[in-house]
Structures are given as C-alpha cells and as structure tokens.
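Following the hints, position chain B against chain A.
Chains as they are written, first to last, in this note's numbering: chain A, 1 to 416; chain B, 1001 to 1416.
Calculated directly from the structure, the hints in this document are not laboratory data. Among the hints, a few may not be true.
[Unchecked claim] Listed below are the simulated SDA-like cross-link pairs for lysine to any residue, each with C-alpha atoms no more than 20 Å apart in a straight line:
hint	chain 1	residue 1	chain 2	residue 2
1	B	K1405	A	R353
2	B	K1010	A	H309
3	B	K1021	A	E357
4	A	K405	B	E1357
5	A	K192	B	L1188
6	B	K1225	A	G380
7	A	K21	B	L1355
8	A	K10	B	Y1335
9	A	K21	B	Q1356
10	B	K1051	B	G1033
11	A	K21	B	H1352
12	B	K1274	B	L1315
13	B	K1405	A	G60
Number of protein chains: 2
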Amino acid sequence: MRDEILQMGKRAREAAHVMAKADSRSKREVLEGVEEMLHRERDSICSANEKDVTLAQERGLSGAKIERLRLSDKVLGEMAGGLKEVASQPDPVGEIVRMWTRPNGLRVGRMRIPLGVVGIVYESRPNVTVDAAALCIKAGNAVVLRGGSEAFHSNHCLAGILRRALERAGLPPEAVQVVGTTDRQAVLEMLKLEEYIDVMIPRGGEELIRFVAEHARMPVLKHYKGVCHVYVDDEADLEMAVRICMNAKVQRPGVCNAMETLLVHQHIAERFLKPMGEAFRSAGVELRGCEQTRAILPYCLPATEADWHAEYLDLILAVRVVKDLEEAIDHITTYGSQHTEAIVTENYGRAHRFLQEVQSSLVLVNASTRFNDGYQLGLGAEIGISTSRLHAFGPMGVEELTTTKFIALGNGQLRN
Amino acid sequence: MRDEILQMGKRAREAAHVMAKADSRSKREVLEGVEEMLHRERDSICSANEKDVTLAQERGLSGAKIERLRLSDKVLGEMAGGLKEVASQPDPVGEIVRMWTRPNGLRVGRMRIPLGVVGIVYESRPNVTVDAAALCIKAGNAVVLRGGSEAFHSNHCLAGILRRALERAGLPPEAVQVVGTTDRQAVLEMLKLEEYIDVMIPRGGEELIRFVAEHARMPVLKHYKGVCHVYVDDEADLEMAVRICMNAKVQRPGVCNAMETLLVHQHIAERFLKPMGEAFRSAGVELRGCEQTRAILPYCLPATEADWHAEYLDLILAVRVVKDLEEAIDHITTYGSQHTEAIVTENYGRAHRFLQEVQSSLVLVNASTRFNDGYQLGLGAEIGISTSRLHAFGPMGVEELTTTKFIALGNGQLRN
Chain A
1 MRDEILQMGK RAREAAHVMA KADSRSKREV LEGVEEMLHR ERDSICSANE KDVTLAQERG
61 LSGAKIERLR LSDKVLGEMA GGLKEVASQP DPVGEIVRMW TRPNGLRVGR MRIPLGVVGI
121 VYESRPNVTV DAAALCIKAG NAVVLRGGSE AFHSNHCLAG ILRRALERAG LPPEAVQVVG
181 TTDRQAVLEM LKLEEYIDVM IPRGGEELIR FVAEHARMPV LKHYKGVCHV YVDDEADLEM
241 AVRICMNAKV QRPGVCNAME TLLVHQHIAE RFLKPMGEAF RSAGVELRGC EQTRAILPYC
301 LPATEADWHA EYLDLILAVR VVKDLEEAID HITTYGSQHT EAIVTENYGR AHRFLQEVQS
361 SLVLVNASTR FNDGYQLGLG AEIGISTSRL HAFGPMGVEE LTTTKFIALG NGQLRN
Chain B
1001 MRDEILQMGK RAREAAHVMA KADSRSKREV LEGVEEMLHR ERDSICSANE KDVTLAQERG
1061 LSGAKIERLR LSDKVLGEMA GGLKEVASQP DPVGEIVRMW TRPNGLRVGR MRIPLGVVGI
1121 VYESRPNVTV DAAALCIKAG NAVVLRGGSE AFHSNHCLAG ILRRALERAG LPPEAVQVVG
1181 TTDRQAVLEM LKLEEYIDVM IPRGGEELIR FVAEHARMPV LKHYKGVCHV YVDDEADLEM
1241 AVRICMNAKV QRPGVCNAME TLLVHQHIAE RFLKPMGEAF RSAGVELRGC EQTRAILPYC
1301 LPATEADWHA EYLDLILAVR VVKDLEEAID HITTYGSQHT EAIVTENYGR AHRFLQEVQS
1361 SLVLVNASTR FNDGYQLGLG AEIGISTSRL HAFGPMGVEE LTTTKFIALG NGQLRN
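Isolated chain A, as found in the complex (with noise of 0.2 Å):
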C-alpha cells in the first residue's frame, strides 16, 4: 500500500505541473461538466449512495451520522450551486499582486500561482468530494482525497465524474486521485509524501485534525474548534445586543460559529440580562452563569471551568459578568479558541481597542459571529476557516489555495 500512495502522490505531482498552466475557460469547463454530469448521472450516484447508506445502517451507525451520508436532492442541489458559483469566479492564477521597481531598474512583482498538490482528509460527507475539488481545480492545483469509509461508494462515484469532466476539458484526470483503502495506514503514509503534497487540510473532528497535525510533514491548513463570544459593553444598544447574542446562538446552534459564551459588562449586567435570558429561554436555550447572572437569572445554572471551554454546537451558554473591557479581553484571551468573537458597543474607543487586541480570525463590531463564513464575507465558496496563523487565518476560499511567487524583469542587471 506504501507503494501505491506513493505513486498517487507522484501522478498528483505531474497532473500538477500541467494543472498551473491550464487557461482559465478549460477549468471552467470542467466544473460546468461536473455540474451537468451530476443531473444526468443522478441515478447512478444514488444508487452508489444507497450502497453506503445501508452499509451504514447494518453496521448500525448513529442517525446522524447516516444523515450526513445522504446525498439528498437538497445537498445535490447545494453542490451544483456551489459549482456554478465557483465557476463564475475570477482565476486568481496569474494575477500580479503588486509591482515596484527597484533603483537598478529592476522591475519586481509578486504573481499568484497554485500551491500545487492539496491532500484533503475528511469524514463521512461525501459533497466535500466535490466541494473541495472544485476550489482545488479552480486554484489551479491537483488534489488527493481520502474521504470516511462510510462513503468509500459515494466518493469514488463522485471521483469518476470528476475525473472524466478534466479529461474532457483535455486536462489530466490525474488531477484527482482518491486513496482506495480506507484505513488510518494509508493517511499515515499520505503525510510522509512532503515531497509530492504541498498542503493537507483535515476536515472533520478534533481527534482526526489533532492526528493529522502530529503526523503530517507537510504544512497543515486546520481548525480545532470555535469558541465564539460576544461582549455586550456598557454603552451597548441594549435592544441591539439582544437581537445579534439571539441571532449568533440560536440561528444554527450547531456551526463553529456560533456564539458559546456571553460577556456581559457588570454596569448593564442586570439591564440587559433580563430580557436577554426571556428571549434564551423562549428559544429553549440552557443558560450556564456566574454567580452574578446567577443572581439575576435564578432559572441560569451554574457555569463550570468546563464551560468557559466549551463548544457546545447545542443550545446551551456559558453567561459571565466582567468588570470592564479588559475583562473580557483577557477571558477570550484565555478561554478562546481564535475563531470569531464580537463587541456590541456605541463607544468608539472600545470598539477601537477590541478590534486592535482580540487577536481570533473574525473580530466584529456590532453584529452577529455566524458571518464568519467564506460567502457572507465576500470571498466565495470556502474549503474550511483555519484558526492557525500560517498562510491563512480565518475562511479559506481560492486565494487561499494559491501562493504568489517573486517575478522580477530586467535588462541586464548584475549584482553588486
């Protein structure tokens, strides 16, 4: 099996190669292939998913987990949209970013290339095939997947089309590449290829993500988990406050996110949590305080050290009062994960401050933490929101799957 990672990893290099200089319209045409392919070959896709599906159901998997299995029309549909948005995007391959000219008359520039081969690791929804290829394709880049075994039918299905839309187009299909065996070997010799992987992104659960960081040589694009809060300061608009907490915890309690714990400055503690926990507690969401909410809110349990730490992706929250901005800076600080976090305040220096000194991917004035989300942002369709620092922090879109190399024009310079 060594063996034949190995020379997936090396046909990947090669599809790179040819994968950097692919025009624009040919990368077009195949995610407009894939997108026509995968209403016309609906049923064979279907009946590979049915495969998985009762796989999964013999073995006796979790409702939810069988859930995230299906490709229903609805998520068929999702990943055709999510096609022709990437399609209709401009290709960053090729772009200048900036140009200047040096005192020798050298002129020098940075262009945006492919980052070349990216190996993705995922669980069980198969749409991340597609999803992740795309953006792969359109970047320029060639891709190895290792999908969950409990879509190994769908996936290679998936693979298929895409694979027979690049030839199509007259690119190499090599451009993808599925691992075929689905054990956890086969992920450990995929992060020993640096040489012919440039970048691995796991997308899944904090176990598989922390597995994939300790082994990979390769650089590792990844997101633990999103501990998000909101600040609602002393000179907040009170009514504002409650609609963007309500709106950050209970509009889709289950993304990474969405609001987990609540700051509140201790001046408007009693004024604001009030009506704040009614609306909680109207929506079904499970208060977890202080003793000071606790005080206010006699129906608020009590919050644990676990709490400050939680991603609970439920509907529950973790409800502190502070003493001031510093405060709560420094409980994000501690208890944060870098994901997104939120001020609601009139008060511009402190906006000012908390914009300077939360360090998270997303900081946010006066709105909601569920905008941090590639198309809410404005890049596009994204491939995951990195919480480290390296390369990209925060949603990752195609730019993020490109580099800019250093070109530089001369006539004749020598140095020094």
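Frame of chain A; chain B shown alone:
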C-alpha cells in the same frame, strides 16, 4: 527538561500577548537600544565569543566552522547596521490590508497582526540571535531561540542584551527566550509545543531542516537548497548573457542564489559557450557538461546525473545544451529546487512563457539569480528564503512574520 521547555513556551505566549499590543515607538526603542549596547558592551560580547572560539578550537572544529562562530568587528558592524535598518522600516502591525463593503452594509477588511510566538533553531552563527530576534520584535512577536552548542556563550550574552533592551522599553523580557540546554532532546520538546509556538524557522544545514520538518507539530518555514538555473535562449543578447552568467556563478559562489546549472539553447551553443567557457576558465570555474557541451568545450568534464541535482556552493558549474525552451523548463521542473531561475532572451513570447511556467520563488528575465535576497528585492532584512509554498515563498522579511485577521464593522447586522 521537558517541563523547562514547556514553561518557556508558556512565558513566550504570555509575552506575545503584550508584544502584539506594543506601539511602534517602543519596538523601535528596543532595536535602537540593542544597537547601542552592541557598541557599549563590545568587550563582554567579545570575551563570551572568545570562550566559544577557544572551546571550538580545543574540540578541533574546522577552520570554516570557527570562522562562522567568530563575532568579528565586521560581523558586529553588520549586526548594528541591520538593527538600524529594521528599526527604520514601517511597522507592519495594524495595517488594514484591504477593506470592502457587503450588500448588507457590513464593512469587512483584513488587518495585519503578529504571528505570535516564533521558534528559531539555528546552527553556528551567533549573529542570527540578534538578526532574527530583531525581525520578530519588529513584527510584534515573541521568539524562542535555540542556537548551536558551539555558540552557547555568545548566544546567551546577546540574548541578555536583547532582554535588557526590551525591559528598558517597558516590554516583557520574556519576548526573547533562549533554550538553555543544547542537546537535541530539547529541540524535540520544542517541536511538540504547538500550543505555544506558532511557527518554527530552522536555519542551517539540510539535515537540521529535515529533522525539524519531520518532528514539528506546528508549521515550519523552510529552505532546503538552491539549485538555481540560468537558461540562455537562442534569441539572447549573448554579451549580456555572459555578464549575467558570470555574475550569477562567480560573484559569490557559496550562497543559495548562485547559479548551479547553465542551460543553453542548441542553436547558439557553440557561439555562446566558447567565450562563456573562456570567461569561466579564467575565473577558475570547473565545468561539468553534457556531451554536446563537451564537444564544444574539450576541457569540460563529463556531467553525471548527480551533477544536475547538485548544489555545489563552489566554483563548479553544470552545463547542458537543450533543444528549446520547453526542454529547459522540463529540466528545471525535474532537477530544480524551486529557488531561483533566470532566462536570458530578447524574445517577448519566451520571456512571458518562462515567467508563467517556471514555479520558483523568484523567476527573472535578463537579470542575475543573485537578486533573490530581501534587500535586493526591496523587502528589507530577511529571516530566510522559503522554498516551500505555504505562507511565504521566497525571501521572508518583516511582513512574512505577520498574518492577517478579518475585521467587520457593523451596525446591527444579523445573518438570515
């Protein structure tokens, strides 16, 4: 020792929080303070350095290694000059890189922030202690340094100066930490601290860099080697080509951006290689060529497969006659190290194609490979030249020691 390294990481992380907020003036004060102390404490620096040199001589280290260890007046002068230069550069932290407005009125932008804690593992040259720390401080980072055992006393003396300068400027001395023990186990422990060190930068031989890349759990910015090429096209200005090739090979042969392989278009091989060969011969360059080269230059030695891969760092050059631009690019793709490649040509289309298709950190037209250097490209002092594509590709200056976070300014925006 494990615990000692862990505590060091924790202290660095705490210092990094303070450094991220430090104003430009304080950071400038630190660098100017260090520069001043390099002069004032010259005697104690030299006596610490003398200890290292004596020990190295007793251990029988090579003359070249002892030279690298020595803090001569020239090296001290260069360190002071580097500090002055970095101090005078603009502060990258807080810069708003871009800003745009979403349809819902949310104003979204990217703000430059420090990376956090930078780990540097390096070998014998003690000036790296000051050069690297200065760049990290300028970019608002904390730094954990682990130098070579041979430079132990020099590194501690220089780190002491850095820490005192930080303290005088009201910044935490823990922003510069030096790993006290010099065995490799300490490096291994450092490489596990992904929670406290955001990026590792190894500086030294290929063996050290591979060791760090293999064991680090955090991202690594690395530069393996520079196998740099010049391709002389059949439409080149041949006199310019001779000048550029001489400069690329001879001006300073021991550095990573010197030319190691010369590729020559078959149609001008004879006309170009005769004067070029003479020029190299009179400069003492040993030539190792393909059969066609040897037919033109009888004094040229035969090249083997190993020569196409070689980074000589010496007055030796591999020479190959190629059929055309395509074969030249194929050769570079197969044997190059993605460091620096140049084309010499007066043909617009080929210059264009070379710029597009060669994926090295610097690609030049009609200029010497020796320009791949932070100062030469106009970026200022550099901490190294990255030949891997994530985060930074090419010379890494102060800006490459930062990242960007997203910021969003709203007035009550909620997500639908």
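So, going through the hints one by one against the coordinates:
no.: 1; hint: B:K1405 <-> A:R353; verdict: holds (15 Å)
no.: 2; hint: B:K1010 <-> A:H309; verdict: holds (18 Å)
no.: 3; hint: B:K1021 <-> A:E357; verdict: holds (7 Å)
no.: 4; hint: A:K405 <-> B:E1357; verdict: holds (11 Å)
no.: 5; hint: A:K192 <-> B:L1188; verdict: holds (18 Å)
no.: 6; hint: B:K1225 <-> A:G380; verdict: violated (37 Å)
no.: 7; hint: A:K21 <-> B:L1355; verdict: holds (11 Å)
no.: 8; hint: A:K10 <-> B:Y1335; verdict: holds (15 Å)
no.: 9; hint: A:K21 <-> B:Q1356; verdict: holds (8 Å)
no.: 10; hint: B:K1051 <-> B:G1033; verdict: violated (25 Å)
no.: 11; hint: A:K21 <-> B:H1352; verdict: holds (13 Å)
no.: 12; hint: B:K1274 <-> B:L1315; verdict: holds (18 Å)
no.: 13; hint: B:K1405 <-> A:G60; verdict: violated (43 Å)
When the structure is compared with the earlier hints, violations turn up for hints 6, 10 and 13 and for no others.
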